[in-house]
Amino acid sequence: MKVQMRVNGRQVSGEVEGRTLLVTFLRDGQGLTGTHTGCDTSQCGACTVHVDGLQVKSCSMFAAEADGAEVTTIEGMANADGSLSVLQQAFQDHHGLQCGFCTPGMVMAAATLLEQTPEPTEAQVRHHLQGNICRCTGYHNIIKAVMAASGQQVTQVAAE
Amino acid sequence: MYNFDFVKPSTVEEAVAALQDDEAQPLSGGQTLIPSMKQRLNAPGTLVSLLGIEALKGISVSDGVMTIGGTTTHATVAAQADAYPALAYLAGQIGDPAVRNRGTIGGSLANNDPAACYPAAALASGATIVTNTREIAADDFFQGMFTTDLEEGEIITAVKFPIPEAANYQKFEQPASRFALTAVFVAKYADGVRVAITGASEEGVFRWAEAEDALSNSFSAEALSALAVPANDMITDLHGTAEYRAHLCKVLTGRAVSAIS
Ligand SMILES: Cc1cc2nc3c(=O)[nH]c(=O)nc-3n(C[C@H](O)[C@H](O)[C@H](O)COP(=O)(O)OP(=O)(O)OC[C@H]3O[C@@H](n4cnc5c(N)ncnc54)[C@H](O)[C@@H]3O)c2cc1C
Ligand code: FES
Ligand code: FES
Chain A
1 MKVQMRVNGR QVSGEVEGRT LLVTFLRDGQ GLTGTHTGCD TSQCGACTVH VDGLQVKSCS
61 MFAAEADGAE VTTIEGMANA DGSLSVLQQA FQDHHGLQCG FCTPGMVMAA ATLLEQTPEP
121 TEAQVRHHLQ GNICRCTGYH NIIKAVMAAS GQQVTQVAAE
Chain B
1 MYNFDFVKPS TVEEAVAALQ DDEAQPLSGG QTLIPSMKQR LNAPGTLVSL LGIEALKGIS
61 VSDGVMTIGG TTTHATVAAQ ADAYPALAYL AGQIGDPAVR NRGTIGGSLA NNDPAACYPA
121 AALASGATIV TNTREIAADD FFQGMFTTDL EEGEIITAVK FPIPEAANYQ KFEQPASRFA
181 LTAVFVAKYA DGVRVAITGA SEEGVFRWAE AEDALSNSFS AEALSALAVP ANDMITDLHG
241 TAEYRAHLCK VLTGRAVSAI S
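Top line first, the protein sequences correspond to chains A and B.
Here the UniProt record's numbering is used: the first residue of the first sequence is 1, the next is one more, and so on.
Here the UniProt record's numbering is used: the first residue of the second sequence is 1, the next is one more, and so on.
These aren't lab readings, by the way, just hints derived from the structure by calculation.
Each residue gets a CB set at the ideal place from its N, CA and C atoms; glycine is no exception.
Among these hints, one or two may not hold up.
Within a straight-line C-alpha distance of at most 20 Å, the following computed SDA-like cross-link-like pairs (lysine to any residue) qualify [said to hold, decoys possible]:
#, chain 1, residue 1, chain 2, residue 2
1, A, K2, B, F219
2, A, K2, B, L51
3, B, K38, A, D40
A short, non-exhaustive set of chain B residues, derived as facing chain A with CB atoms under 10 Å [stated by the list, open to error]:
#, residue
4, I34
5, M37
6, K38
7, A75
8, V99
9, N101
10, A166
11, Q174
12, P175
13, S177
Given the sequences, and given the hints that come with them, work out the whole structure.
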């Protein structure tokens with residue numbers, strides 16, 4: 001069947017099977033390989049994207065379900081001139097990534113939190129990122145990055 | 001995953017017609033069904049998405065009853081069920097934000113996972129599960145792990161919750177899955193107290209009748225002191241033994257009662 005959607009502001013369409021996952025459509029169909037498949041079992045959040053403004057796991061949604069939707073992936077998160085957004089830059093500044101595999105999902109998840117709650121508490125950041133698993137960082141610097149991106153002091157962030 | 005046909009009707013009637021096919025199955029948020037299809041535990045020939053049906057979405061309150069449409073997401077309940085704060089709180093603790101943005105109350109109740117949250121709220125509230133053909137009391141709806149009173153092709157269209165005077169949900173989270181290792185929902189009504197427990201029993205969600213009687217007489221954590229949940233039917237897995245879960249049932253019920261009183 002044919003699906004069409006707006007991805008990062010660009011109208012795209014493609015032929016999919018019923019079982020084609022949104023992540024497969026984005027990666028294999030559109031070449032947007034920033035969205036990662038970490039687990040494929042709905043646990044890790046590496047595949048997080050925004051569909052109509054809501055954060056979802058693109059491995060746990062069919063492409064057909066996103067027909068007509070507005071989709072944003074990590075490729076759509078940088079500033080218009082290609083420089084890193086405040087949130088992305090904060091991940092770099094605070095060592096919020098090591099291997100970087102989880103990072104696209106972390107950024108997409110954190111972005112929705114900051115939209116809803118511009119100055120979250122540390123506890124709110126931790127609660128919001130529960131569905132995003134990182135194998136490397138121990139989370140501490142990810143929390144710092146999100147706090148910093150919201151314009152808050154990071155020296156107060158407790159070590160876990 | 002095996003392939004299937006995908007259809008997205010816009011009315012309940014069209015969905016029911018599409019589900020007449022033996023191989024067809026409803027799809028709501030997909031947060032349970034898609035992972036199980038990937039594991040080939042489930043291989044429907046047609047998936048009938050219910051999310052295109054506007055009439056199944058949303059929350060309303062009248063005469064002390066909150067009615068939640070079958071495909072209302074956990075995120076919507078968390079944000080909008082102000083008239084039933086314990087239920088809004090429960091929805092906000094399910095999984096993570098992405099799961100809450102897709103997962104629905106109808107999908108959760110139809111699935112009846114033994115560690116799911118909503119079954120505890122529905123049973124403790126004496127809710128009514130409304131389908132395309134009938135209304136089912138929560139006491140009759142849950143029939144053991146992953147089993148409900150739903151017929152093939154029957155769709156949950158809404159759930160009606162009588163709003164209690166006070167209620168509280170205590171979830172002891174299994175941190176890897178974020179489901180309940182054991183969780184207790186206590187709801188206090190003018191005519192008595194109801195206590196429902198999820199995550200603990202091999203039989204799925206259940207009411208703890210002795211605690212209900214004791215709390216209906218005297219609503220305090222002390223009223224539970226002489227009681228114990230037998231460990232015989234409790235789940236044992238690598239996260240906790242049957243005895244541990246039985247102990248949690250009592251501790252969490254006490255915490256819920258203390259949080260209310
Ligand atoms: C990482 C993760 C963490 C989670 N944590 C929790 C948790 O803490 N607590 C918790 O309770 N749940 C948890 N869940 C499960 C989640 O709440 C699911 O959303 C829910 O169990 C199923 O709802 P769904 O809308 O996604 O249903 P689907 O996956 O679409 O469907 C589930 C089943 O119900 C049937 N069905 C769907 N809708 C209807 C309907 N309206 N009428 C009749 N049958 C229907 C389907 O055919 C299928 O058999 C978690 C899931 C994940 C992936
Ligand atoms: S790949 Fe989607 S949650 Fe892990
Ligand atoms: S940085 Fe390696 S998984 Fe998070």
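Hint check:
1. K2/A / F219/B: Violated: K2/A and F219/B sit about 59 Å apart, past 20 Å.
2. K2/A / L51/B: Holds, at roughly 19 Å.
3. K38/B / D40/A: Given that 20 Å is the threshold and the Cα spacing comes to 8 Å, the pair holds.
4. I34: holds (5 Å)
5. M37: Status holds, d = 8 Å.
6. K38: holds (7 Å)
7. A75: Hint on A75/B: holds, closest Cβ of chain A at ~8 Å, below 10 Å.
8. V99: holds (6 Å)
9. N101: holds (4 Å)
10. A166: At about 24 Å, which exceeds the 10 Å cut-off, the nearest Cβ of chain A leaves the hint on A166/B violated.
11. Q174: violated (12 Å)
12. P175: holds (9 Å)
13. S177: holds (8 Å)
Of the numbered hints given earlier, the model fails hints 1, 10 and 11; all others are met.
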